[in-house]
Amino acid sequence: MYLSFSHLPLYMPLRILQSESLMVAVHALCCCHPSGDSSVTVKSNAGYKVCSSLMPAAHDSAFPQILCLQEVQDDHYREQVQPSLSALGYSCHYKRRTGRKTDGCCTCFKAQRFTLLAESHVEFFRPAIDVLNRDNVGLVLLLQPQLLEGTQDGCAAPTPLCVANTHLLYNPRRGDIKLAQLALLLAEVDKLSRNPDGSRCPIILCGDLNATPDSPIYQLVYNGVLNYNCLPAWKVSGQERYCTTPNPRVLPSPLWPDFLGISDCCQYVTHQATKVKDRRIYTRQHLLELRYCDYSLRRPEHLATIKGVTDKNPDPLGEPAHDILSYGVPAFRPQPLLLQHNLDLTSAYSHFLPAKGRFEVTTMTLGMGSTVDYIFYSAEPIPVRGTKHGLRFYQDTQLKLLGRLSLLSEEDLWAAQALPNPFCCSDHLCLLTRFSLDLSARAK
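Quick note on UniProt numbering: the sequence shown kicks off at 1 and runs consecutively.
Label-pair restraints from in silico Cβ distances:
1. 354 / 417: 23 to 29 Å
2. 79 / 130: 35 to 41 Å
3. 252 / 79: 40 to 46 Å
4. 86 / 191: 25 to 31 Å
5. 116 / 350: 30 to 36 Å
These are calculated hints, taken from the structure and not from any lab test.
Heads up, the beta-carbon is just placed ideally off N, CA and C, and yes, glycines get one too.
All chains, please: the whole structure from these sequences, using the hints.
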């Protein structure tokens, strides 16, 4: 069922489907379409053949204009996914994982609705960088909406739409890698979504982030800022209960080397800009300030005493001999280590089912339900006093959320024999949202 948010007039209806299995997506479309057969059960690769039977109805507005799929096998894409969806009017784009991995991300859009302006294949594997040594990938498309017949005359070209699709590393103990992969993807989205005049076009970010809604990774996407100072790697994705043993690794500072060419604002920087970046060099002025800080004036607890030089009975917990404030030099405090971005993204799902008092679930790992799949979209932050680095609030602008396909709770899935089950062949549920894209609005 759809949860209706409003009855806004649709200038350009836009449906986004996010799934880790095309077969599950086809089943969901069969159930959602007014003339669909909800009794269809997709259990094997025969699900791809269902696409052919949906061809007459696929041009209906009830079907999504954009599909974002993950874990699509390379041979399945070439032999089944691409031919089937192309016959339904979709333009398909695929990025296989690097190394020996045989799956990847696939983004498809209706060719009658959009024109491809730019395509970027993001490879997260970077040699010699410890936090970017895995084969995950991302796919970012810049799409130009096509105006309906009869509306082109005298109308300026609508602002493009940036669509990002990714599948981050699963390993719950290596949150440092997930965070670096996400920053790399956000930098690519930042580059493609920026218009020549400096404004930014609407953004859709879909994928399996392998992180829960209460995790630091989600905090970075939603709030636009994350302080990762002394953050343990195994707590970055909020999947601590999947870790058999804690990982003592703490996120390094900085998280990645300068030669990667990405700033802590998740943006690409020039080689020259990287050189002049503050590297926390201990200048003379900095060392002078350290002379009078509390840590410099306090005697170490286990420092050996020298006869005739140091006190016979030193008090390691005593107050500093000098009045720190009398020197007029502020006490030294470690600066926060911040990752930031200015994409202004909010989630299409609330991650909570008010009627049931339960959390939404998109997957069941090791028999435990959690949300790791998301559809984020760009919105405008609402200024709220006292929320500088806290929870942000948003209001819709060019992309207006009109509805979404309801998710289930962990209890609901256990009643259906968990995931996968006889009704769903995947270990993930699909997400389906309905937007209104304002083509007359100018980019922000």
